[in-house]
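**Student:** Just so you know, the protein sequences line up as chains U and S, in that order. Each residue of the first sequence is one higher than the one before, counting from 1 in the numbering used here. Each residue of the second sequence is one higher than the one before, counting from 1 in the numbering used here.
Think of the hints as simulated: they come from the structure by calculation, not from any bench. The reader is advised that the hints may include incorrect statements.
[Stated by the list, open to error] Have a look at the derived ranges for each label pair, beta carbon to beta carbon: (1) U:160 x S:184: 56 to 66 Å; (2) S:193 x U:37: 52 to 62 Å; (3) U:87 x S:206: 46 to 56 Å; (4) U:41 x S:184: 32 to 42 Å; (5) S:96 x U:77: 31 to 41 Å; (6) U:37 x S:201: 18 to 28 Å; (7) S:206 x U:109: 40 to 50 Å.
[Said to hold, decoys possible] Restricting the straight-line Cα-Cα distance to at most 30 Å, the calculated cross-link-like pairs of lysine-lysine (DSBU-like) are: (8) U:104 x U:173; (9) S:114 x S:74; (10) U:210 x S:61; (11) S:191 x S:158; (12) S:61 x S:191; (13) S:61 x U:104.
No experiment lies behind these values; they were computed from the predicted model shown. From the three backbone atoms N, C-alpha and C, an ideal C-beta is built for every residue, glycine too.
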Amino acid sequence: MTNARPTAPCHPLRTRTRHMGLAALVLMTLAWSSSWDSIHSAAQDIRSVQATFTQEKHLQILAQPLQSNGLLIFSAPDRLRWEYQAPLPSVLLMDEGRIQRFVKTGDTWTEDASAALPAMSFVMQEIGRWMNGRFDENPDFDARLEPDGRIVLTPRQAALATVIQKIALQLAKTPGVIESVTVYEDDDNFTRLHFKDVTVNQPIDPAMFKQRS
Amino acid sequence: MKRIHCLPLITLVLVACHSLPAITPWEQAPAGIEAACRDAFPRQAWRMVHTITTDFPGQRKGVMLGVVSLVPEKESVECALLSIEGLRLFEAHDDGTLTIRRALPPFDRPALAKGMMRDIRLLFFPPEGPRLLNGHMPSGDPVCRYALADGYQDITRKPTGNIVIQRYDRRYRLTHRVDITRCHPDGAAGKEAVPCRIHLEAFQPATYQLDLDLVEARPAVDNQ
């Protein structure tokens, strides 16, 4: 006994229509990353993005990358929640320009005041720009769009280049969505974030971007 | 009136007079006491990642990630300080000569880098000096005392298994106190225990405290 269901022979016209539809979909999804204009245009339709991420920190002094994972939530135009769930629970919040970080120590969340916060403010603002499709608007970086939907940002100033050598962003097939971000500090030290389970334009509670009590 | 004039002087003398804690030498030293003191520190090469937490006024905390790669045999250490998100703020190598590979502000201050490397050596390496004496504290806890180029260092074993390190300057002032809890990290069965929880208090020349909690530890092969 078999569960295989009999399939009706496909009509040649129906098959051709299906192929054309598929081709159109592929062209449409590829097309959004073909030029700065199409990227800006696709981003205009993005009101919110939610995704989980895995992060690998590659360090020259570590044989294996340091792994972490979390959740990224963006609400246009300038709200961002960058939350690490493991190994160290923490959350960076950007709410209309105000940036705060909270860290879970024991059972309580406390505000972080580490020296790293100013540098992270710069990064958060940059991510906010990317989510709005404004990859080429930061005067500190030269932005290059490659044919495969890859964007490479290179610092214009030597001083910034000593901190970040380059940033590579891979755009996803879904318009307005980023698949991965790799921040190169130099050839041997880099951070790679892979986004998955991406949902676009779902309603997001503004409380997600507020301080935890 | 004269008595009032003498008060500041007496206070000054009292403040200036420090002494090392009294150690009672063993009448019969337990076997392997010297080795036990040195074994408080990793003997194998390790790569470890700790969270580093420090307290700031207003009940705020600063949290970062500290990465160390130790080769005790060569007395060399590589270390990096990262933001929680992985931004590398500081990286240095010390094999007797300190080489700073990366230092973003405020970690670009030479004194801060030097202090960090001194703290790392205090936490992970046996003291660089001869043993002065072994004995026990008034509490009965076994202790080893070492003479350093710039002071003294006591290593005490607590009944809990914790290691307490106390470092003093030449004027016998307590400069650092460290409480280390060791554990066997996941995935490193058969290996030695490593510091998995560390509480460091510094009193001289700067006052601060740090709490380190182990995130992961992997045995390191020297040439990797």
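**Student:** Now tell me, hint by hint, if it's right for this structure.
**Tutor:** Structure-based check of each hint:
Between residue 160 of chain U and residue 184 of chain S the CB atoms are about 43 Å apart, so this pair departs from the stated range of 56 to 66 Å. As the Cβ distance of residue 193 of chain S to residue 37 of chain U is approximately 60 Å, the hint placing it in 52 to 62 Å holds. For residue 87 of chain U paired with residue 206 of chain S, a C-beta distance near 29 Å fails the hint of 46 to 56 Å. For residue 41 of chain U paired with residue 184 of chain S, a C-beta distance near 56 Å fails the hint of 32 to 42 Å.
Between residue 96 of chain S and residue 77 of chain U the CB atoms are about 53 Å apart, so this pair departs from the stated range of 31 to 41 Å. Checking the proposed 18 to 28 Å range against residue 37 of chain U and residue 201 of chain S shows it is violated: the Cβ atoms sit about 59 Å from each other. Between residue 206 of chain S and residue 109 of chain U the beta carbons are some 28 Å apart, a value that contradicts the proposed interval 40 to 50 Å. Among the hinted pairs, residue 104 of chain U with residue 173 of chain U is inconsistent with the structure: their alpha-carbon atoms are about 35 Å apart, more than 30 Å.
At most 30 Å may separate the alpha-carbon atoms for a hinted pair to count; residue 114 of chain S and residue 74 of chain S meet this at roughly 19 Å. Pair hint residue 210 of chain U plus residue 61 of chain S holds up; C-alpha atoms about 18 Å apart against a cutoff of 30 Å. At roughly 22 Å between alpha-carbon atoms, residue 191 of chain S and residue 158 of chain S fall within 30 Å of each other, so this suggested pair holds. Restraint check for residue 61 of chain S and residue 191 of chain S: the C-alpha separation of about 33 Å exceeds 30 Å, so the hint is violated.
With a CA separation close to 10 Å, the supplied pair residue 61 of chain S and residue 104 of chain U stays within the 30 Å bound.
Figure legend: structure checked against the earlier numbered hints; hints not met, in rising order: 1, 3, 4, 5, 6, 7, 8 and 12.
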